[in-house]
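Asker: Chain by chain, the residues run as shown.
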Amino acid sequence: MIFGKGERVLFFRFEDGEDFIHTLVHTLTENNLDSLVVISGIGMLRDFEIGWYNVSKKQYEKEMISVPHELIHISGNVSSKGGFPFPHLHVALAGPSRSAVGGHLFGGTVCNTTELFAVRTGDLKLTRDASGAATPLEFRK
Amino acid sequence: MIFGKGERVLFFRFEDGEDFIHTLVHTLTENNLDSLVVISGIGMLRDFEIGWYNVSKKQYEKEMISVPHELIHISGNVSSKGGFPFPHLHVALAGPSRSAVGGHLFGGTVCNTTELFAVRTGDLKLTRDASGAATPLEFRK
Amino acid sequence: MIFGKGERVLFFRFEDGEDFIHTLVHTLTENNLDSLVVISGIGMLRDFEIGWYNVSKKQYEKEMISVPHELIHISGNVSSKGGFPFPHLHVALAGPSRSAVGGHLFGGTVCNTTELFAVRTGDLKLTRDASGAATPLEFRK
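Chains as they are written, first to last, in this note's numbering: chain A, 38 to 178; chain B, 38 to 178; chain C, 38 to 178.
Same shape as in the complex, but just chain A:
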C-alpha cells in the first residue's frame, strides 16, 4: 500500500496480493482517518466476495468469485463505528466476457493494483452505531 494524504484528496494504491478490506482499514486506522467518501476506484480484484441482500430473508446471499476481474468502480463511504473506521462499499466488476457483476463488497484480493481516491467529509462527521452489523449511516456536525 502506498498512501498519499493530500489536502484535497486521499490516494490509496494497493499492491498485488493485498487483502483489500484489511489493507484499507489498516491504512485508515494508522492515519486516524474516517468520515470519507470514495470518489473513484479502479484496478483488478480476484478471490472477491460480493453479496445481494435478500430483503425477505433479512440476510445476504454471497458469492465468491476467484477469476480476476477488472474493478470498474468502487462507490461508498467510511464512517466511524465503535471508534474504528468502517467502510461500506459497493463494487462493479467485469470478467473475461466483459459482463459486469456487482453488489456489496465483503472482501477480495488485489490483482496487479487498485487505485483508490477518497475525499474527507470535513464538518460532517460520519458515524454508525456499533450495536449491530448493518446500522444506518448518520452524521454529526
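Just so you know, the hints here were simulated from the structure itself, not pulled from any lab data.
Predicted, not measured: the structure shown is a model, and the values here were computed from it.
All clues stand as given, with none of them false.
Repeated chains share a single entry, so a pair holds when one copy, or any two copies, can fit it.
Keeping only pairs whose Cα atoms sit at most 20 Å apart, straight-line, the calculated EDC-like set for lysine to aspartate or glutamate is: (1) 42 x 160; (2) 95 x 52; (3) 162 x 44; (4) 162 x 175.
Keeping the supplied structure of chain A fixed, place chains B and C upon it in accordance with the hints.
Answerer: Quick look at chains B and C alone, frame taken from chain A:
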C-alpha cells in the same frame, strides 16, 4: 430523508419506501440547491425504471424492474432547469444473480436505505434550457 | 467539447461524434491539466473498445462494441506521463438489454453527449513513469 449540508459534501440518506427522485428533488428544492455532482450513491432500489436511449428511434426503451437490487453506484449531476433542480442520473444495479444492469434512471423506490453524496460545483453554475426534455448541460461562471 | 474550468470541479461536455479519449487528452493538454480524479461521467458511447486484462498471458483481451450504449459511469484518474496527461479510465455501459458490460476503456465515440466531471488532486501530483505501457500510479507532494 436525512440531509446533511456540509461545507465540503452534501449527504442524503434515503429511507425505506421513499420515492427516490421525488424525495431527492424535494430535498434539493427545500434547501435551494442545484449545480451538484453526485460523487457516490449506494444502497438498494426496488420497483425502479431504467432506460436505454434508442438513437435511431429518438426515444428511450424503458424497463421496470420490481425485484430489489443492490444499487452499485449512481453517477450524474443536478442542474437548474426552468428554476428547478433537475437531476440527470445513471445507475448500475445488481440483483440476486449478481449480474449488473443499468442505464438512465427514471425512477425507483428506496429499499432499506440509500446513502448518496454530492459536491457543489461552486463557481460553475450548471444549467439546462427548459424548452425540451433532453436539453444539453451547460455552465455559467 | 465544451470545457468549464471551475475552482472546485472541471466540467467536460463531449459532443456527438467526438473521439472520447483524443478529445479529452487534447482538452487537458490545451489547458495544461493533469493530476485529476474523475468523479462522474454519464452519457452514451458507440464504437467503443473495452478490455479485460488476462493476468496469465499478461495482455488485454479487447472487444469492440459498435451498438450505442448508455455510459453508466466512468471512474479513474489522469496522471502526468512523460510530460503528457495520461488518463486511466474504467467504464460501465448498458445496451438495449439493460445488461451492463465494462472494463478498461481503450477508446470510443461519443453518442449524443457525455457529461464528465473531475477534481484536481491539488498538492498530490499524480505521475507515471514513461518507460512502459502500464506503469504504476505514483504521487509527489
